[in-house]
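Colleague: Letter by letter, the chains look like this.
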Amino acid sequence: MSSEIAEKTIEVIANFKEIDKDTITLETKLKDLEMDSLDALNLVFELEEAFDIVIPDEQAFETDSVSDMVTGIETLLANKEKEAGGEEE
Amino acid sequence: MSHRRVVVTGLGVVCAIGTDLETFERNVFEGKSGIAPIESIDISKMRFKNAAEVKGFDSPEHFDKQQLAILKRFSQFAVAASRQAIQASGIEWNDQVAKERTAIVTATGAGGLTDLDDQYENLYRFNKTRTPPMVVPQSMPNSAASFISMETGVCGPTYTVSTACSSSNHAIGMAFHSIRSGTVDAAITGGSEMPISYTNLKAWEALRVVSTDTCRPFSRDRTGMILGEGGAVLVLEELESAKARGAEIFAEISGFGMTADAHHVTMPSLDGPVRAIRNALADAKVAPERVGYVNAHGTATTANDSMESKAINEVFGEHSANVAVSSTKSMHGHTLGAAGAIEAVATVLALHRGILPPTANFNEPDPECDIDVIKNEARETAVEAAVSNSFAFGGLNAVLVFKRYEG
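Sequence lines, in order, name chains A and B.
Just so it is clear: in the first sequence, position 46 is 46 by our numbering, and no numbers are missing.
In our numbering, each residue's number is its place in the second sequence (first place is 1) plus 89.
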């Protein structure tokens, strides 16, 4: 797991929830962050903006913890790089 | 005045499954869906690709150049539908039905907001320094109501209601109450919407409630709503006045109930819809046991359909087994501010014809939606009373009750 992506994810969540980023770890569960469905929707938007990725609907609300989120974002970033590489060929 | 009754004497509709009443009627009972890939704008950067667009509606066929200068597409749908409804009703304003005692109440969710993309692009992107002079009157939500009054000379209470997806039911309900209370004797009422603009589609995409598949209300494999465009208009009249001029009566409109959830902007509550349906039935003085059909809000989102099923079961109790339910949004899409009006047309036709329209695209029952869904094929059942639900974002609920008219 990339520490850079993890750090950035935690920072986005901390800014969004207006809480200290030291209170969030990879093990933090999303339900512990007291997010309702609208919060989740807005957080997904913030993460898409921060990483310049598209998070598909079916993936958007299936994460349970911060570590799930980071894994999902890593996969999406890798796919994006592969597609960009493919276009150049 | 409390004994005054109100009837529907004219219907008009423009939507994805018909730009005239006859075509709409045929398709809605055949379960034919108008949902297809979006053609009117570039969707290459959209995640969802389908909508219920109005095809074969040629604006210059309906309006001259001067009229088109002040009527954007959302208004054109309402005006075209009003012409159909007025013609079908045969209403003529005279000493018996006065123009001063006729109301016009229209509805739209977004009005002309969705038509502003071109103006923004011209100003911000192409650095143009002016817009055409008619943008303000074109975009105002009451544009259609004002045009209908100018075209017909009707000059009683005239206004426009905007409550997102409940707009049309609020408009029709207010028009109905105005006639029943004796404020007016007739009304031209309905709603229209044109949601197919890039900005608006992107905004809906961000809400993550639009299906990349199609609209499958109450089906276990449903994946969200499908946006639709269109409009519908009803002519309502006080019963004795309609009878006196020998009008054909399609159905009686007998109840209207409205509530707010006071809960959450997008998550529906159970309490708000339940109270709205109960209020509408009480307003109609119709016992729940007399209702045989519900034209559901039925958006095909996970949240709405399970909530609405529970609301129906709570209101009708054991009688729920005898209440057939369909969502015609499976065919004409979710037309937002026009939804209640198009669905009122479907409900009135169902009562008039003794046939209940189906829920198209239905695949498999969902235990979360434990109601009698009319699956894919219309049912020949003459029912006495029908309920038509609209529940809006912002938690605003509006429900109408119609009754079969039997002389």
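Hints should not be assumed to be uniformly reliable.
Unchecked claim - In silico lysine-lysine, DSS-like type, Cα no more than 25 Å apart, as pairs:
#	chain 1	residue 1	chain 2	residue 2
1	B	K464	B	K121
2	B	K138	A	K80
3	A	K21	A	K31
4	A	K80	B	K332
5	A	K21	A	K8
6	B	K134	A	K82
7	A	K80	B	K134
8	A	K17	A	K31
9	B	K144	B	K291
10	B	K332	B	K188
11	A	K8	A	K82
As the list claims (entries may be wrong) - Simulated coverage check for chain B against chain A, where a stretch passes if three residues somewhere in it have a Cβ under 8 Å from a Cβ of chain A:
#	stretch
12	295 to 302
13	353 to 365
Simulated from the structure, these hints should not be mistaken for lab results.
Note that beta-carbon positions come from the ideal geometry of N, C-alpha and C, so glycine has one too.
Colleague: Against each hint, give a clear statement of whether it holds in the structure.
Modeller: Hint by hint, here is what the structure shows:
With a CA separation close to 12 Å, the supplied pair B:K464 and B:K121 stays within the 25 Å bound. A hinted pair counts as satisfied when its Cα atoms are at most 25 Å apart, and B:K138 with A:K80 qualifies at roughly 21 Å. A hinted pair counts as satisfied when its Cα atoms are at most 25 Å apart, and A:K21 with A:K31 qualifies at roughly 16 Å. Annotation: proposed proximity of A:K80 to B:K332 is violated, straight-line Cα distance about 68 Å (limit 25 Å).
Straight-line distance between C-alpha atoms of A:K21 and A:K8 comes to about 10 Å, which keeps the hinted pair within the 25 Å bound. For a cut-off of 25 Å, the pair hint linking B:K134 to A:K82 stands: about 19 Å separates their Cα positions. Note on A:K80 and B:K134: the hinted pairing holds, with a Cα-Cα distance of about 15 Å set against a maximum of 25 Å. Distance check on the hinted pair: A:K17 and A:K31 sit about 13 Å apart at the alpha-carbon level, within 25 Å; holds.
Taking the CA atoms of B:K144 and B:K291, the gap is near 22 Å; set against the 25 Å cutoff, the hint holds. A C-alpha spacing of about 18 Å is found between B:K332 and B:K188, which places the hinted pair at or below 25 Å, so the restraint holds. About 21 Å separates the Cα atoms of A:K8 and A:K82, which keeps this hinted pair within 25 Å; it holds. Evaluation of the coverage hint for the stretch 295 to 302 of chain B: fulfilled, as 4 residues show C-beta separations to chain A shorter than 8 Å, against a requirement of three.
Under the rule that three or more residues need a Cβ within less than 8 Å of chain A, the assignment of the stretch 353 to 365 of chain B holds, with 4 such residues.
In this structure, only the earlier hint numbered 4 is contradicted, and the remaining ones agree with it.
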